[in-house]
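Asks: Protein sequences appear in the order of chains A and B. Going left to right, the first sequence walks through residues 1 to 114 as the numbering used here numbers them. Going left to right, the second sequence walks through residues 1 to 109 as the numbering used here numbers them.
Please note that the accuracy of each hint is not assured.
Which bits of chain B does chain A cover? Going by a derived footprint, with three or more residues having C-beta under 8 Å, they are [stated by the list, open to error]:
id, segment
1, 21-35
2, 82-95
3, 100-107
Between beta-carbon pairs, the in silico distance windows are [what the hints assert, rightly or not]:
id, chain 1, residue 1, chain 2, residue 2, range
4, B, Lys81, A, Gly40, 21 to 27 Å
5, A, Arg18, B, Ser93, 32 to 38 Å
6, A, Leu114, B, Ala16, 41 to 47 Å
7, A, Thr51, B, Lys108, 42 to 48 Å
Simulated from the structure, these hints should not be mistaken for lab results. Beta carbons: idealized from backbone N, C-alpha and C, even for Gly.
In case you want the letters, here they are:
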Amino acid sequence: IAGITQAPTSQILAAGRRMTLRCTQDMRHNAMYWYRQDLGLGLRLIHYSNTAGTTGKGEVPDGYSVSRANTDDFPLTLASAVPSQTSVYFCASSDGLDRGHEQFFGPGTRLTVL
Amino acid sequence: GQNIDQPTEMTATEGAIVQINCTYQTSGFNGLFWYQQHAGEAPTFLSYNVLDGLEEKGRFSSFLSRSKGYSYLLLKELQMKDSASYLCAYLNSNYQLIWGAGTKLIIKP
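Make the full structure from the sequences, and use the hints.
Replies: Structure, rendered in structure tokens:
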């Protein structure tokens with residue numbers, strides 16, 4: 001796949017439903033991130049993982065959970081979706097921000113919660 | 001917010017030069033990134049500065065002054081394809097990126 005992929009591309013979801021956004025990278029990057037992007041606001045970090053088996057909370061973690069069972073996959077779960085979670089979600093990976101390595105972004109998932 | 005600011009929108013003419021400024025305030029700083037984002041697409045990396053000064057990469061250059069909490073992205077010989085949003089982000093003491101809201105650049109013929 002050469003890079004980072006996300007699924008689905010877009011989704012309309014009823015409030016209260018559970019939803020998992022998928023993210024897979026094949027670059028063997030240790031670090032992975034989930035952001036949401038809303039109009040007029042910068043990208044905001046939801047959760048991150050510095051290496052397989054570890055996760056951490058970002059700026060806006062409430063209502064979201066993540067897991068990192070292996071290097072390649074980093075799914076984001078909304079346990080019970082609410083309309084304020086309507087956003088574009090980007091997954092990203094990096095070989096090491098602390099060494100000045102860039103983040104690579106997936107194509108994004110556009111989520112609408114009604 | 002996270003104390004990082006950039007203009008919301010700028011307009012420039014094809015073939016001209018434009019400078020997009022970014023200011024930030026933070027007690028912990030580990031570098032500054034610039035990304036380009038075309039409408040409906042993912043951000044893509046443009047530059048990274050950790051030391052003061054100018055980094056040149058083709059038509060794009062990025063400048064950093066750590067003492068002033070200031071960076072700019074300079075785009076030369078503007079092309080229509082440069083119409084996009086430009087995002088600045090600083091790396092904080094936890095090595096997390098703190099993003100500005102982005103500057104939408106409109107290029108006119």
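Asks: Name the hints, by number, that the structure is in violation of.
Replies: Violated hints: none; all satisfied.
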